[in-house]
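Residue numbers (the numbering used here), protein chains in the order written: chain A, 3 to 989; chain V, 123 to 180.
By construction, these hints were calculated from the structure, which means they are not laboratory data.
Wrong hints could be hidden among the right ones.
Claimed, not checked - Derived lysine to aspartate or glutamate pairs resembling DMTMM-like cross-links, with alpha carbons at most 20 angstroms apart:
| # | chain 1 | residue 1 | chain 2 | residue 2 |
| --- | --- | --- | --- | --- |
| 1 | A | Lys707 | A | Glu680 |
| 2 | A | Lys707 | A | Asp649 |
| 3 | A | Lys551 | A | Asp525 |
| 4 | A | Lys274 | V | Glu172 |
| 5 | A | Lys270 | V | Glu172 |
| 6 | A | Lys593 | A | Asp649 |
Just so we're clear, the structure is a prediction, and the values are computed from it rather than from any experiment.
This is what each chain is made of:
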Amino acid sequence: MSFSATGLVLTSLLYLLLLFGVAWITEQGLLPRHWVRHPLVYILSLGVYAGIWAVYAAVGMAADSGYGFLAYYLGISGAFLLAPVLLNPVMRICRAYQLTSLADLFAYRYRSQWAGTLVTLCAGGALLALLSMQIQAVALSASILAPDSSPKAMSVLFCLIVLLFAILFGARRNQNSENHQGLVLAIAFDSVVKVSALLALGLVVLFQVFGGMDGLDQWLALNKPDAGSLTLTLDDGSWRALMLMSFAAALVLPHMYHMTFSENPSPKALAKASWGLPLYLLLLALPVPVILWGGQALEVDTDPNFFVLGIALALDSPALALFMYVAGLSAASGLMIVSTLALAGMVLNHVVLPLKTPRDQGDIYRWLQWVKRLLIAVIIFCALLFHEAVGQHLDLAILGAISLSGMLQLLPGALGVIYWPEGNRRGLIAGLIAGLAVWLVALVLPFSHTINPLAWLDLPLVPNYDNWHIFTFISLTVNVAVFGLFSILSASSAEETSAAQACSLGALSRPQRRELLASSSDDFIKQLAEPLGYGVARREVERALAQLKLPNVEYRPYQLRRLRDQIEANLSGLLGPSVARDMVKRHLGFKPLARGATGQDIRYVERALGDYQNRLTGLARELDNLRRHYRQTLQNLPIPACSVGEDGEILMWNQAMATLTGITADDVVGARLAALPEPWHQLLEDFNRGEDQHRYKHRLDLRGKPHWFNLHKAALSGPDHPEGGNIILVEDQTETRLLEDELMHSERLASVGRLAAGVAHEIGNPVTGISSLAQNLKLETDDPAILDTADQIQQQTRRISTILQSLMNFARTGNHAQANRYEPVSIRRCVQESINLLSLSDKGTRVHYLNQVPDDLQVLGDEQRLVQVFVNLLTNARDASPDGGHIRVSGNLDSYSAIIEVIDEGSGIPEDQLDHIFEPFYTTKAPDKGTGLGLSLVYSIVEEHYGNIQVESPADPESGAGTCVRLRLPAYQPESGDTAAAMNERS
Amino acid sequence: MYIYRLVFLLVLAIYIFSPNILDWWTAPGNAWYSPYIIWAGLIAIAFWLEWRRDPNEF
Numbered sequence: 003m004s005f006s007a008t009g010l011v012l013t014s015l016l017y018l019l020l021l022f023g024v025a026w027i028t029e030q031g032l033l034p035r036h037w038v039r040h041p042l043v044y045i046l047s048l049g050v051y052a053g054i055w056a057v058y059a060a061v062g063m064a065a066d067s068g069y070g071f072l073a074y075y076l077g078i079s080g081a082f083l084l085a086p087v088l089l090n091p092v093m094r095i096c097r098a099y100q101l102t103s104l105a106d107l108f109a110y111r112y113r114s115q116w117a118g119t120l121v122t123l124c125a126g127g128a129l130l131a132l133l134s135m136q137i138q139a140v141a142l143s144a145s146i147l148a149p150d151s152s153p154k155a156m157s158v159l160f161c162l163i164v165l166l167f168a169i170l171f172g173a174r175r176n177q178n179s180e181n182h183q184g185l186v187l188a189i190a191f192d193s194v195v196k197v198s199a200l201l202a203l204g205l206v207v208l209f210q211v212f213g214g215m216d217g218l219d220q221w222l223a224l225n226k227p228d229a230g231s232l233t234l235t236l237d238d239g240s241w242r243a244l245m246l247m248s249f250a251a252a253l254v255l256p257h258m259y260h261m262t263f264s265e266n267p268s269p270k271a272l273a274k275a276s277w278g279l280p281l282y283l284l285l286l287a288l289p290v291p292v293i294l295w296g297g298q299a300l301e302v303d304t305d306p307n308f309f310v311l312g313i314a315l316a317l318d319s320p321a322l323a324l325f326m327y328v329a330g331l332s333a334a335s336g337l338m339i340v341s342t343l344a345l346a347g348m349v350l351n352h353v354v355l356p357l358k359t360p361r362d363q364g365d366i367y368r369w370l371q372w373v374k375r376l377l378i379a380v381i382i383f384c385a386l387l388f389h390e391a392v393g394q395h396l397d398l399a400i401l402g403a404i405s406l407s408g409m410l411q412l413l414p415g416a417l418g419v420i421y422w423p424e425g426n427r428r429g430l431i432a433g434l435i436a437g438l439a440v441w442l443v444a445l446v447l448p449f450s451h452t453i454n455p456l457a458w459l460d461l462p463l464v465p466n467y468d469n470w471h472i473f474t475f476i477s478l479t480v481n482v483a484v485f486g487l488f489s490i491l492s493a494s495s496a497e498e499t500s501a502a503q504a505c506s507l508g509a510l511s512r513p514q515r516r517e518l519l520a521s522s523s524d525d526f527i528k529q530l531a532e533p534l535g536y537g538v539a540r541r542e543v544e545r546a547l548a549q550l551k552l553p554n555v556e557y558r559p560y561q562l563r564r565l566r567d568q569i570e571a572n573l574s575g576l577l578g579p580s581v582a583r584d585m586v587k588r589h590l591g592f593k594p595l596a597r598g599a600t601g602q603d604i605r606y607v608e609r610a611l612g613d614y615q616n617r618l619t620g621l622a623r624e625l626d627n628l629r630r631h632y633r634q635t636l637q638n639l640p641i642p643a644c645s646v647g648e649d650g651e652i653l654m655w656n657q658a659m660a661t662l663t664g665i666t667a668d669d670v671v672g673a674r675l676a677a678l679p680e681p682w683h684q685l686l687e688d689f690n691r692g693e694d695q696h697r698y699k700h701r702l703d704l705r706g707k708p709h710w711f712n713l714h715k716a717a718l719s720g721p722d723h724p725e726g727g728n729i730i731l732v733e734d735q736t737e738t739r740l741l742e743d744e745l746m747h748s749e750r751l752a753s754v755g756r757l758a759a760g761v762a763h764e765i766g767n768p769v770t771g772i773s774s775l776a777q778n779l780k781l782e783t784d785d786p787a788i789l790d791t792a793d794q795i796q797q798q799t800r801r802i803s804t805i806l807q808s809l810m811n812f813a814r815t816g817n818h819a820q821a822n823r824y825e826p827v828s829i830r831r832c833v834q835e836s837i838n839l840l841s842l843s844d845k846g847t848r849v850h851y852l853n854q855v856p857d858d859l860q861v862l863g864d865e866q867r868l869v870q871v872f873v874n875l876l877t878n879a880r881d882a883s884p885d886g887g888h889i890r891v892s893g894n895l896d897s898y899s900a901i902i903e904v905i906d907e908g909s910g911i912p913e914d915q916l917d918h919i920f921e922p923f924y925t926t927k928a929p930d931k932g933t934g935l936g937l938s939l940v941y942s943i944v945e946e947h948y949g950n951i952q953v954e955s956p957a958d959p960e961s962g963a964g965t966c967v968r969l970r971l972p973a974y975q976p977e978s979g980d981t982a983a984a985m986n987e988r989s
Numbered sequence: 123m124y125i126y127r128l129v130f131l132l133v134l135a136i137y138i139f140s141p142n143i144l145d146w147w148t149a150p151g152n153a154w155y156s157p158y159i160i161w162a163g164l165i166a167i168a169f170w171l172e173w174r175r176d177p178n179e180f
């Protein structure tokens with residue numbers, strides 16, 4: 003049975019068209035997003051690892067070395083089972099710094115463009131053999147099924163289709179999502195085809211050839227010598243080599259790196275892949291022995307590498323044969339597409355861009371896309387060339403061995419990224435060059451039938467198909483030894499040490515807090531416009547701002563440093579880490595350092611520690627708890643506090659500070675003091691810069707009201723903490739200041755009172771003299787004019803006497819030295835007496851007094867002084883009342899207090915004067931009508947009686963007129979007679 | 123880093139003894155599929171570890 007070449011080409015085209023369809027449907031968004039990003043799709047896409055080797059060469063290897071073929075699956079399964087300690091750290095670094103290939107990772111970690119370029123060249127060289135293996139397998143399988151087909155034509159056709167697919171679905175860059183979802187789904191589809199084909203063939207062989215498990219067991223028992231070889235020919239050396247190469251493949255194979263890290267939808271998916279990929283590989287490996295035995299049982303005449311096709315042909319099943327062919331095609335195409343894509347990215351970032359930065363391009367994205375497409379074409383062309391020149395003459399297994407042992411040279415450097423911070427670029431480059439040289443001399447040249455330098459030297463060990471693993475180990479050992487030696491002997495640069503810390507496990511990067519030349523995100527755009535062009539610069543800055551959830555224009559130094567890092571990471575995804583770093587270093591530079599070192603970025607470290615919280619264990623966790631405790635103490639301190647770095651950057655801003663200033667910590671931490679709004683900017687900046695450690699009672703007007711603050715500052719540096727900066731405390735002294743003012747006012751009033759009393763006493767005598775003389779004058783003359791003058795003199799002296807009397811009263815009551823004798827007093831009687839007194843005055847006739855105080859309302863007090871209170875209150879009420887107005891005095895008992903209200907119908911007291919009416923000498927009456935002492939006296943007397951006084955104006959809210967003065971005095975209750983004694987004692 | 127050193131030692135030991143381990147798996151008395159059963163057992167353990175893992179763990 004055989005197929006026609008055209009039929010096979012058509013089948014190939016149909017299958018690849020189906021693959022195009024799957025990718026196209028996905029890219030168009032016709033499939034639900036959660037399907038596309040499902041961990042299962044991710045796991046299946048990792049099946050790209052199982053290239054042509056898994057479909058064809060595994061059976062061949064099983065025939066040669068028994069279960070040794072399992073090493074190809076078990077090594078990478080081990081790497082995925084160790085994902086939490088091996089792959090997760092790499093993924094963390096790749097996601098954080100947007101490192102899309104192994105060369106990016108090396109260039110970032112070892113801070114060397116040369117490292118990236120060397121990795122790219124190494125990967126390129128090694129991949130050529132792997133790609134050649136795929137091309138060879140497809141061409142050979144086609145020639146087995148269709149003997150009339152031309153392997154060359156098949157190879158070229160296959161390469162063209164792969165090229166088309168890679169260019170269409172791989173080189174496209176979606177700005178919204180970094181993943182090539184169409185490609186991922188197509189590769190996952192490939193994986194499904196591969197595994198179902200092998201499982202189907204396994205089942206067909208098991209049931210059709212052997213008639214079930216029992217038949218297989220019987221056949222195995224009968225053919226023990228042949229079948230037993232599967233279990234007994236395990237060769238330690240090649241097994242170990244293959245196992246190690248397979249283990250390394252998870253990290254160093256460009257297509258595996260691309261699928262595992264660059265196309266990873268989430269860390270969760272990688273966690274699922276830690277068991278998912280081993281399970282997939284188990285399913286792939288399970289039918290291999292059965293297929294081998296099936297081939298032996300059927301005595302298939304093809305090479306064991308192609309038993310899968312031979313069995314289908316022997317069973318005379320065209321459908322099965324085509325299915326197997328398609329499985330091989332899918333394995334080969336998937337691997338070729340992804341690895342050329344990954345390699346093209348590496349060549350672009352590490353060979354093309356360092357030579358030519360797209361400075362003058364209008365649209366850098368488009369330029370990059372086209373260069374990448376061109377590179378894909380070049381790589382596939384090189385692979386085809388290699389295949390025609392060398393690859394087609396080599397065995398599939400040896401092609402795989404050459405390729406994987408070349409890639410293995412990258413393993414020491416890759417493990418160094420995570421586990422060996424001391425490793426440096428000199429060691430890496432020296433180790434790589436040494437390892438690659440051994441690989442080239444001992445493996446590539448001898449097996450490619452070009453030259454065999456070791457044979458010329460007549461060495462005891464010459465490479466051949468049985469001992470290739472020894473040379474693999476030699477090359478790796480040389481690589482590791484040189485890497486270690488050079489790293490230990492040479493010094494790492496500070497930049498490299500910082501990158502090593504950022505990459506190593508469990509380490510926090512401790513960036514320095516340096517000041518950028520740019521003072522805002524707009525400056526970033528201007529500075530980046532030079533290398534990138536305005537449009538791209540703006541788009542990249544805006545993208546980074548959006549990713550960090552920052553406002554459209556950012557000015558805070560801390561956030562600008564974050565923005566710079568984010569832009570570097572994004573540009574690294576676009577142009578590779580070396581070019582991105584150079585660009586950012588050159589165009590988004592820092593200001594020169596004022597002195598040797600600058601402070602650490604505390605905020606950055608805190609943020610990173612916050613993210614780490616759940617990962618810390620043991621002592622680290624305890625220390626972190628302690629850190630949180632002290633941080634919270636500072637945050638909750640009831641005194642406003644902030645700390646400022648040496649360069650004026652705010653490092654801490656506690657809650658009390660936020661309440662006082664109305665500025666939240668999020669808005670200012672990481673900003674400079676200069677960025678604070680006024681008046682805080684001036685206050686804190688001046689104080690921070692000034693010499694004084696304390697500043698007392700600094701007046702600041704906030705929202706139009708004066709506030710007083712005490713400021714204290716202390717240096718942050720100490721024996722364990724060399725960094726400069728200050729901590730500033732801001733004490734709000736406004737309340738204390740107001741109390742002090744009030745006290746001073748009272749003191750002043752008391753002095754005025756004492757002075758007045760003295761003056762009154764001294765003036766009293768001459769005034770009495772003047773009054774007597776005026777009286778005498780009236781007796782001396784009958785001249786009516788002189789009599790009138792004498793009357794007026796007497797009238798004025800009486801007025802002076804009244805004023806003096808008031809002053810004396812006020813001064814006497816103002817100080818509490820004078821003892822009062824308290825006895826029960828009837829309020830009604832006091833009020834009545836006051837009314838009687840006032841009625842004697844000529845003004846009294848115009849108003850009506852109503853005494854409504856109950857008879858039994860009594861207080862403990864001095865009756866004469868209480869009469870004085872009511873006289874003053876009623877005088878004020880009378881003066882304010884209109885003609886014929888009513889003044890009502892009412893009283894009632896409220897538990898232990900007597901409440902007396904004096905209510906008039908006068909004009910009321912304006913609101914702004916209510917606060918002042920009890921102040922001495924404060925009056926609203928005309929200058930000759932009142933002294934301003936009346937209500938002060940009332941206030942003093944009521945205070946002496948342990949009561950209080952309230953004034954409400956207007957008394958009648960409806961008419962807006964009248965005033966109500968309410969006195970509250972301790973009521974006298976006859977049964978508690980001892981209260982009077984107690985009060986007397988107290989006074 | 124202590125735990126990583128332990129893991130590293132363990133991996134190295136498994137790697138060095140892996141041919142012996144596979145010899146043991148494929149001992150003549152065992153069924154031809156016994157290596158796969160042990161392999162599947164490892165996958166089951168990995169699945170169980172992943173399933174009960176704290177999502178915040180490293």
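Going through the hints against the structure:
| no. | hint | verdict |
| --- | --- | --- |
| 1 | A:Lys707 to A:Glu680 | 15 angstroms, holds |
| 2 | A:Lys707 to A:Asp649 | 32 angstroms, violated |
| 3 | A:Lys551 to A:Asp525 | 18 angstroms, holds |
| 4 | A:Lys274 to V:Glu172 | 7 angstroms, holds |
| 5 | A:Lys270 to V:Glu172 | 10 angstroms, holds |
| 6 | A:Lys593 to A:Asp649 | 12 angstroms, holds |
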